[in-house]
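The listed protein sequences derive, respectively, from chains D and E. Quick note: this note's numbering has the first sequence finishing at residue 338, numbered continuously throughout. Quick note: this note's numbering has the second sequence finishing at residue 338, numbered continuously throughout.
Treat the hints with caution; some may be incorrect.
When chains are identical, the list treats them as one kind, so a pair holds in a single copy or across two.
Mimicking SDA-like on lysine to any residue, the simulated pairs with C-alpha atoms at most 25 Å apart in a straight line are [what the hints assert, rightly or not]: (1) 66 / 14; (2) 217 / 143; (3) 148 / 53; (4) 51 / 128; (5) 202 / 147; (6) 185 / 222.
Note that these hints are calculated values from the structure, not bench results.
Protein chains: 2
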Amino acid sequence: MVSIRDVAKEAGVAISTVSKVLNHYPNVSENTRQKVNSAIEKLGFVPNSIASALSSKKTGRMALLLDVNRHVQKVDEIPMQYIVGAINRAKEINVDIITVFFTMIQEMNMEEIIRYFQSQSIEGLIICGLSKQDTILHKLIKSGKFKVVLIDAPVMSENTSSIHVDNMLAQYEVAKNFITETKSKKILYISGKKNGYVSDQRLQGMKKLAQESGLSLFTRVGNFSELEARKITMQYAKKKDAIICASDLMAIGAMKALIDMDIFRPVCGFDGIGLMGYAGKQMHTVRQDFQKIAATAVEELSRLMDGECGRDIIMPHELIRIQYLDVIS
Amino acid sequence: MVSIRDVAKEAGVAISTVSKVLNHYPNVSENTRQKVNSAIEKLGFVPNSIASALSSKKTGRMALLLDVNRHVQKVDEIPMQYIVGAINRAKEINVDIITVFFTMIQEMNMEEIIRYFQSQSIEGLIICGLSKQDTILHKLIKSGKFKVVLIDAPVMSENTSSIHVDNMLAQYEVAKNFITETKSKKILYISGKKNGYVSDQRLQGMKKLAQESGLSLFTRVGNFSELEARKITMQYAKKKDAIICASDLMAIGAMKALIDMDIFRPVCGFDGIGLMGYAGKQMHTVRQDFQKIAATAVEELSRLMDGECGRDIIMPHELIRIQYLDVIS
DNA sequence: TTGTATGCGTTATCAG
DNA sequence: CTGATAACGCATACAA
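Could you put the whole structure together from the sequences, leaning on the hints where they help?
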């Protein structure tokens, strides 16, 4: 392995000078900088991030913490989008990122979790889908041991940022669009989790619309579960004009149920996942760009790790309709 | 940060002794071992993997190299299964793993790729879906710079292992089962890639069955693309009894096409993905346990990194049928 | 069985 | 602007 010391020898300068070039210090003459760089080139030198991390006490490593299989979802499309978006951006800005699942830490207490991340030299966390009931994670965030970016949870502080679409507005807009086009009045709204962060916001948007437009709104909690949405639909859909769901997955469950019941009701979803193309009928929904959200989260966490202050970031959403042929081509 | 030195002081022993306890050296007396362990407990000591790696020159880090979005697949279920399986097992056996996508390295030449992994201190690679045309990756594997485990590519050597189901046998079995039940004779077989590793094996299994059972076999290449399978189906299905596909995704494309054409032909897939439940009709398929395959790959790579020799590992498969209600519950 | 001393490849401090 | 040198936390050869 060729080290910084070899480069120094080759370039005829001191080790510390090479280090300065490597880290783009300003006070290096153009001349020596060139000498060093050509030595690096010639020797094919690769800086050892391990040694660098040990010496500087900064690893720049982050963890992407994901909730897989808790949404009763066999086709984990959204987590995959998060992973792709985060990993690609992490590579672009040259930070390390590892993926961690909730299931891997769910049996641990806070201290164990802290140790786990510390042993991995993790300095920052991106948490996707934090629930209000995750008291341990909330404590972990408050502990200040790590910089944190939360996707879809409105917690902010000095070292915690929050990223999300405007759930209330998005739900309001898509539903308004939907009921206008379908001329629906009696709505079955299948909400997400009881007391969930995003669930509550979406429900609020829905309530606002109901009031404004004089809708009759009948709400049931579907826990973001396709199966539960299916059951709710089978039980209540007949007496309603239309079904609006707080997630696409539930919308798919509802639509499949309607098809099996052999009745038609328009269905509206939320998220914009590709699986919507397989539901059998085209549906209205809100598209969130999960890859971009994750990429933004990586950037934001990097910002926090550079000592900047936490903040709230709202990502754009888009009203769309999804159908099979668009998804596969 | 509490270090090994603090532990040593607390336990009243030397640093090296603590290190020996940490690394389960045999020649430490039970007495001192206990002293050290209780000191560790008391101080909440977390070994610093960075320092350990620097000193031992062994990081134990591996990379999971995935091909996402090349299969013309919007719902990336299989890569997600690989990720979950690999990450969970990596945590269990206490090795670091990072996820890397083909797209991230596709513009690099071999040297750049090597440097990239070296700069991340990666010692081993798990490569999923290596194609015969990936000459750079083949050279990388041959270079011997990294230990490699290949999923679904039959390359083996001193430091390269291969993991896969018995594709030929599996294709043979599922197709045999399928044609027997459906009493089909004239088969449209939609193959994977031309000259692909697994594609060729599956095609072989299919040909063997055709010969044995006197089938008329008409083969077209679908490139594992749902859309291409759809087109092929629309063009040729009418004159055939049944359609057998080299992947579930193509089977879904075929089934959806049949539904749109309003004709019925039984369809057989390969993989056992959950998305099959959304195709509209139940289908025969082969189930591969992708999570288990990835978990096994992690173990195998760990074995290679411990200096053991490369080998071929065949994973079990299972003949199943997938339908919607099973998938969502 | 235990302790001492050296080095791993960097970064950072400080003197020149 | 450049160079010597002391950390960083741990592993390991070797001495005791």
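Now the hints, each set against the structure:
no., hint, result
1, 66 / 14, "both (20 Å within a copy, 17 Å between copies)"
2, 217 / 143, "neither (29 Å within a copy, 55 Å between copies)"
3, 148 / 53, "between (46 Å within a copy, 18 Å between copies)"
4, 51 / 128, "between (36 Å within a copy, 17 Å between copies)"
5, 202 / 147, "within (18 Å within a copy, 48 Å between copies)"
6, 185 / 222, "within (9 Å within a copy, 59 Å between copies)"
Hint 2 alone, counting from the list given before, is not met by this structure.
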